[in-house]
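Engineer: What follows is the residue order along each chain.
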Amino acid sequence: MTKDDHQLEILISLTLRSGVALAVALGVIGGVLYLSHHGTDRMDFGTFLGEEIPYSTLGGIAERISGPNEGLGIAQVGVLCLLLTPISRVALSIFGFLREGDWVFTAISSVVLAILLFSLSMG
Amino acid sequence: MPAFELTIVVLGVAVLAGLVGSLTGLGGGVIVTPALTLLLGVDLRYAIGASLVALIATSSGAAATYVRDGLTNIRIGMFLELATTVGAICGAMLAGVIPTSTLAIVFGAVLLYSAWQAGTVRRERTKVFSPTPFARRLQLSGVYHGEAGDTPYSASHPTLGFGIMYGAGILSGLLGIGSGAFKVIALDRVMGVPFKVSTATSNFMIGVTGVASAAIYFGRGYIHPALAFPVMLGVLGGSTLGAFLLPRLPVKQLRRGFALVVGVVAIQMIVQGFRGHL
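Sequence order for the protein chains is S and X.
Take 1 as the starting number for the first sequence in the working numbering and just add one per residue.
Take 1 as the starting number for the second sequence in the working numbering and just add one per residue.
No lab work stands behind these hints: they were computed from the structure.
Idealized CB from N, CA, C, for every residue including glycine.
Please note that the accuracy of each hint is not assured.
[As the list claims (entries may be wrong)] Beta-carbon label-pair distances, calculated as ranges:
id, chain 1, residue 1, chain 2, residue 2, range
1, S, Ile10, X, Gly119, 21 to 27 Å
2, X, Phe274, S, Ser36, 21 to 27 Å
3, S, Glu51, X, Glu147, 48 to 54 Å
4, X, Gln253, S, Ala62, 48 to 54 Å
5, S, Ala114, X, Gly119, 38 to 44 Å
6, X, Pro152, S, Trp103, 35 to 41 Å
7, X, Pro247, S, Glu51, 18 to 24 Å
8, S, Leu14, X, Leu246, 41 to 47 Å
9, X, Arg136, S, Leu98, 36 to 42 Å
10, X, Glu147, S, Gly39, 47 to 53 Å
11, S, Glu51, X, Pro152, 24 to 30 Å
12, X, Asp69, S, Leu98, 35 to 41 Å
13, X, Leu241, S, Ile10, 36 to 42 Å
[What the hints assert, rightly or not] Which chain X residues face chain S? A few, computed with CB under 10 Å, are given here:
id, residue
14, Leu38
15, Gly41
16, Ala63
17, Ala64
18, Gly70
19, Ala92
20, Leu94
21, Glu147
22, Thr151
23, Asp188
24, Phe195
25, Phe244
26, Val264
27, Ile267
28, Arg275
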């Protein structure tokens, strides 16, 4: 393990930690808002509604935040932050390996990032 | 059930699942899905979505520590993520066409195997693997800073390891689990990576693998924030508590007991799947 590798390790560790912290903060804030306004709403997760829920698109989430259920909208932004955390970790590694002049691993990390972005584009 | 009560119950179940997951080493996600479906009647797809979110949170949190301590092999992890991410996307696609009752049966079978793995005592590997030229070319090596001093290691059988990781990725995408048990087997037994490095590297890979399928599930509406936020917070809390208790408890006996409980849950999942209740 080279010195450069260790710098990359510290940076990756920080990225992961802050991503999770942000998701937790948004989850707590959103959750409290949601329960304070909609705590008595009847909820049922026994039937799957699929894409009918307004939280599966960015537009749907934005619309929720601006009015009917800002709490769950914020909580879902937290989920998005969490999904972006490992993706940023991979992106960061590309630069790390590039700086080390490790072309093989720059390529490998880039392909992993491409796979993740492909998956995002399908979602 | 009113939202407030339901959230509290889900939070409680998630804390327990995180605790059991961390004490058995199975990970929080694999227990939270059966708990939500069997105990609370949550649709399997919502449970899978929420458990994926919890999984990404716990594995990223734990990975942050392992990476900082230099236990994770980033190169080996990144190389194998090529296989797990493609597998996870295939798994998520498959999940869209497989009936949920079949998914429940597969889930139960995988859970049963993981419980058996967690319950049996791990034997120390004595055979030393020699690295293949391919592994050497990719620098799939490192130094494990153990209690007995520094041990250099190098990964062998990268192609076979790659294949198993693809399978682990499919399971992960299909069921919304980390499939850490399979990842550790590939790293530790097949590729000859030291056990602690294997665990840390597997953990490192779980977040990226999880995202590959979670992104697809997100668009399909599997991730409902009202369920995802208490599950994420609960599992994180439970596994943090587990990590705190782990060095203070008689782990070996506990592991057996919990593994037994998880085994019973797994059988329950299979039975309900066959009855078509899930």
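Engineer: For a quick check of understanding: which of the numbered hints are violated here, in increasing order?
Structural biologist: 1, 2, 6, 7, 8, 9, 11, 12, 13, 14, 20, 21, 22, 23, 24, 25, 26, 27, 28
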